[in-house]
Structures are given as C-alpha cells and as structure tokens.
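Please build the complex by placing chain E with the ligands on the supplied structure of chain W, with the hints as guidance.
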Amino acid sequence: MMKTKTSVKNAQTEYVRKIKRRQFLIRLYQILIFITFLFLWEYTAKHGIINDFIFCCPSKLFATFVSMLKDGSLLHHIGITLYETLIGFVIVILGSLGMATLFWWNQTLSKVLEPYLVILNALPKSALAPVLIVWLGANKTTIIVCACSVAIFGSILNLYTGFISVDADKIKLIKTLKGSRFQCLKLVVLPSNVPNIISIMKVNIGLCLVGVVIGEFLAAREGLGYLIIYGSQTFKMSNVLLSILILCVIAMLLYTLLQHIEKKLAEYF
Amino acid sequence: MKKLGIPLLEFFNVNYSYHTISCETQTLKDISFKLNKNEFISFVGPSGCGKTTLLNLTAGLLPLSSGAIRINGKPREESDVNIGYMLQKDHLLEWRTIYRNLTLGLEIQKKKDASHIEMMEELLKTYGLWDFRNAYPRQLSGGMRQRAALIRTLALSPEILLLDEPFSALDYQTRLNVSNDIGSIIKEKGISTLLVTHDLAEAISMADKVIVLSKRPGTIKSIIPIEFGDNRRTPESARNAPEFNKYYNQIWEAIHDENEDFS
Ligand SMILES: Nc1ncnc2c1ncn2[C@@H]1O[C@H](COP(=O)(O)OP(=O)(O)OP(=O)(O)O)[C@@H](O)[C@H]1O
Ligand SMILES: [Mg+2]
Numbered sequence: 001m002m003k004t005k006t007s008v009k010n011a012q013t014e015y016v017r018k019i020k021r022r023q024f025l026i027r028l029y030q031i032l033i034f035i036t037f038l039f040l041w042e043y044t045a046k047h048g049i050i051n052d053f054i055f056c057c058p059s060k061l062f063a064t065f066v067s068m069l070k071d072g073s074l075l076h077h078i079g080i081t082l083y084e085t086l087i088g089f090v091i092v093i094l095g096s097l098g099m100a101t102l103f104w105w106n107q108t109l110s111k112v113l114e115p116y117l118v119i120l121n122a123l124p125k126s127a128l129a130p131v132l133i134v135w136l137g138a139n140k141t142t143i144i145v146c147a148c149s150v151a152i153f154g155s156i157l158n159l160y161t162g163f164i165s166v167d168a169d170k171i172k173l174i175k176t177l178k179g180s181r182f183q184c185l186k187l188v189v190l191p192s193n194v195p196n197i198i199s200i201m202k203v204n205i206g207l208c209l210v211g212v213v214i215g216e217f218l219a220a221r222e223g224l225g226y227l228i229i230y231g232s233q234t235f236k237m238s239n240v241l242l243s244i245l246i247l248c249v250i251a252m253l254l255y256t257l258l259q260h261i262e263k264k265l266a267e268y269f
Numbered sequence: 270m271k272k273l274g275i276p277l278l279e280f281f282n283v284n285y286s287y288h289t290i291s292c293e294t295q296t297l298k299d300i301s302f303k304l305n306k307n308e309f310i311s312f313v314g315p316s317g318c319g320k321t322t323l324l325n326l327t328a329g330l331l332p333l334s335s336g337a338i339r340i341n342g343k344p345r346e347e348s349d350v351n352i353g354y355m356l357q358k359d360h361l362l363e364w365r366t367i368y369r370n371l372t373l374g375l376e377i378q379k380k381k382d383a384s385h386i387e388m389m390e391e392l393l394k395t396y397g398l399w400d401f402r403n404a405y406p407r408q409l410s411g412g413m414r415q416r417a418a419l420i421r422t423l424a425l426s427p428e429i430l431l432l433d434e435p436f437s438a439l440d441y442q443t444r445l446n447v448s449n450d451i452g453s454i455i456k457e458k459g460i461s462t463l464l465v466t467h468d469l470a471e472a473i474s475m476a477d478k479v480i481v482l483s484k485r486p487g488t489i490k491s492i493i494p495i496e497f498g499d500n501r502r503t504p505e506s507a508r509n510a511p512e513f514n515k516y517y518n519q520i521w522e523a524i525h526d527e528n529e530d531f532s
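Chains as they are written, first to last, in the numbering used here: chain W, 1 to 269; chain E, 270 to 532.
If we strip away everything but chain W, and leave its shape as in the complex, we get:
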C-alpha cells in the first residue's frame, strides 16, 4: 500500500519535472535563435557580407536607441503612436458595441445595412487613407479616423453575429420572467458575449496599430510611422528598423495586456 503510494507520487513528480524541462528547453531555443540572429547580422554587416548602410546592424541600432532615448525624442514618438492607437481602440470598441446593440435591437436596420458593412469591411483601408487626408487634413484626427476605419466594420459584424447567436431559450427565460427587451440585452446578451468581446478587442488593438501607422505614413510629423517613412526617405535605416522593432514590442505588450485582462475575467465566467 505504502509502496504504491510513493511510487504514484514519484510518477507525478517525474511527470512535472519532464514538462518543466520541456518548457525550459523551448524557452532556451527561442532565446538562442534570437541571439544567433543578432550575432549573424552583426557579423555579416561588420565583415561587409551585407551592406550595413542599407541593412544596418545591431550595434548601430542600439546606439541610435540610446541617443534617441537620451534626447527624449524616442519616448515622444512612442507616446504619440500609443496615444493615437488607444484613442482609436476606445472609439472602435464603444462604437461597435453601440452599433451592434442598435442592430440587435432593430434587425430590419441590420438587414438593410449589412451589405454596406460587408463591402466597407472588405475594402483595403490603406486605399482610404489618402482620401481621409484630403477631407480631414494632415492631423491627429485623420490618423485616429484611419485607425478606426481599419477596425470598426469587422468589429461591428463580429459583435452583431455574437449578439444574435445567443441561445434563444435564454431570451425566452427572461421573457417568461416578464423581462423587457432592454433586460434581455443587459442580463443575457451582453454578459454571454463577454468572451466574444474580449477576443474582438484582442484583434482590434492590433488593427488599430496598423491603422495608426498607415495614417502616420501619410499625414504625420511625429509618431513611429512618421519615423519609419522619414527615416527611409533620408536613408536613416537605423531609425526605420528601430521603429519597426519598437512597434513589434508595443503590439506584443498590448496583446499581452488584453490576454491578462481576459484571464482575470475568465475567473468570473
């Protein structure tokens, strides 16, 4: 009896150890790939195998990073891009929640507008950006509108689909309890769509960032998108690559943040 118990326990610790070891190896390989990549890049650039004027190199990137950090310009550009992205994101989320609710409420309206939404959603938004500049001028508003235009149509369609696929019997339940339509929305439709809303948010934060960068390419004097386009025109490749790298990091951080919120919410649902 005792013996089997300890052996069961050993099997369990053995199993946990195996899994832990595997996770450790995966992380290790990921880091190794990154370091090898940096090393090869630096090495080939230093030895003239690739042209370091065009392809830059890690040490130059780092130097640029430090100097821009020191004169404060980097944080300024990052701040602008983040600000525009977050404003766009909030507008997209509130706007699409509002529209999806309206469509749920009035399904005739949704039927009428659906084809237009589908077309607008399928339209490549970068085609829209130059038009927005002509209409709204080269300013922050344009960039935020650009960010919204990338994300909002798909967001409305997805949310609305989530709203109308709520279990009809749950709605019936609220009605048997003499609930109004508003109560159906508040007590069943919205809460049962929380996971859906979060996953739509995860997609949209990335889309807003895309929209902001497109907008900044065309209409900005500041922001990471501007740094990229200005740097490429003046062949300051270290600026360009640094900005791209930072965009990667921002996208990842924003996504992780939402994932974290999702986990917290999952404890309630």
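Don't read these hints as lab results, they were simulated from the structure.
Glycine residues also receive a C-beta, built at the ideal position from the N, C-alpha and C atoms.
Don't take each hint at face value.
[Said to hold, decoys possible] Across the chosen pairs, the derived CB separations fall in these ranges:
{"id": "1", "chain 1": "W", "residue 1": "Asp169", "chain 2": "E", "residue 2": "Ile290", "range": "17 to 27 Å"}
{"id": "2", "chain 1": "E", "residue 1": "Ser291", "chain 2": "W", "residue 2": "Ser126", "range": "39 to 49 Å"}
{"id": "3", "chain 1": "W", "residue 1": "Lys264", "chain 2": "E", "residue 2": "Asn284", "range": "29 to 39 Å"}
{"id": "4", "chain 1": "W", "residue 1": "Lys264", "chain 2": "E", "residue 2": "Asn509", "range": "46 to 56 Å"}
Chain E with the ligands alone, transformed into the frame defined by chain W:
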C-alpha cells in the same frame, strides 16, 4: 372540482398557427379546457403536437390566432396573475452565482424586498442548495440545477405554474427524486399547474387530470381524471397505488388509437 366558481385558467376554442414564407402550420386546433385552483393537469401527446406552443400561449409569449384564454375570468392580456414557467433545460446563467440566478426574476420584476428574499432563501434551505448559494451553475449536478431553476420560478410566488418537460434532461433516478420533490412542493403550496411530459408515469403520478393530445394539429383526444383512493398521495405513493396501471393503460390506448409512432 374542489371549489366551484370561475376556474383559474380557461381555454376557449383556441387555435394556433405558425406562419413561415413557405407555409402555414396549424399547430393547435380547437383546444378548450379548464384549470381550477389547486389543480394539476398533465399534457401528453406525440412530439410536435403543440404542447410547448400551448404553454407559450398561456404564458403570453405568443399571440392567439383565434379563440380566447381567460385567467381568473379576465382575458389573458388584462390579468395580473403571476405565471411561472419552467423550461426543459434549467438555463441557469453561467456567469452568475446560484444565489444571483435565483434572484433573477425578483430583480427583473423589481421585487427584491425583504419578504421575497426571505421566502427565496427558505426554499434554498429546504432544497439543500443553501451551501451552494455562492457556487456557479457548472459546479452543480443536473438534479441540483433543475431544483435551482424551480426555486427561481417559485421565488415569484406564481399562482399558475407551467412545466415543459422539466425533468427530461435528468437521469432516471434523479428524475424520480426531483419530480417527487417538485410534486410535493406544488401540492403543499397549492399552485395550479400545467405539466407537459413524454413520461406517462410522471404524468399520472402528479396529476388530477391527464389531457391527451392528438398529433399535429393538436386537438384534445380525451381528458382523463385521475383519482386515487388515498387522497393524501404523493407522486411516489401514486406510482405504487393499485389504480396506477389502469390509468397507465387507459392513457396508453388513448394515445395509440390511430397514432402508431408515439415517441
Ligand atoms: N417558431 C416556429 N415557427 C414555425 N413552426 C414552428 C415554430 N415552433 C414550432 N413550430 C412547429 O409547431 C409544431 C408544434 O411545436 P411545439 O414545440 O409546440 O411541439 P411540442 O408538442 O412541444 O413538441 P415536443 O414534444 O417535440 O417538444 C411543430 O411541428 C413545429 O414544427
Ligand atoms: Mg416541446
């Protein structure tokens, strides 16, 4: 039966048809019956004959095609009698605790006052769910969930209770227990009830009358009064009573004469 005067619920020649683009489906045809106070009526009939439709009409979830439904002598729309409706699945909201699921009806009808809450908590204790009040529905067994759904319905002190195959999602043993429990609460509180079920034994064990419906369009084939010698019966004692088999056969025949594929 027990008390003369106006019945609590009356159907007069009720018809109902569903409309779709392609066709009209007549579902209920010429349904007339009375439900007295404290009375329990079970409906049995083939699948698709309109039993759920009949309950939906009573609850006011569907508009009548023709005929009339009177509650306490008044047209259904004008009556203020509280009707509780329990569906086949419990439909507890997964994101609310059991306690907050049970106060859902009170919340919707703005009746979350001390007396209603107290009554609801009393039910919660009686049915052994008090310790689970802060749990989420997924942490409960099927039988417990169904009891919770019943408490949610009873919390509004309904005078008429509509039960649409409320036990069919449960396994046999749980179903016997839960139906016994529910049968006794209903008797004890004197709630007038319409029960829809596929289970003839269940129909007989709780009912004062069993109404047999024909296949679609559902019409009333026969109304069979159920009486046992022992008038202090429980669903359990009814199942063991000598008359039980007689009723069972009688209803079985009523369903099967003409319609071969009752499922
Ligand atoms: N919303 C609807 N639109 C059109 N037809 C419907 C609708 N709901 C039900 N029906 C039809 O009406 C008939 C009766 O439906 P109902 O749900 O009342 O039957 P039921 O007796 O409760 O069946 P079951 O025993 O399977 O629950 C069925 O044939 C069904 O196809
Ligand atoms: Mg049914």
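Looking at the structure, which of the earlier hints fail to hold? Violated hint: only 3; rest satisfied.
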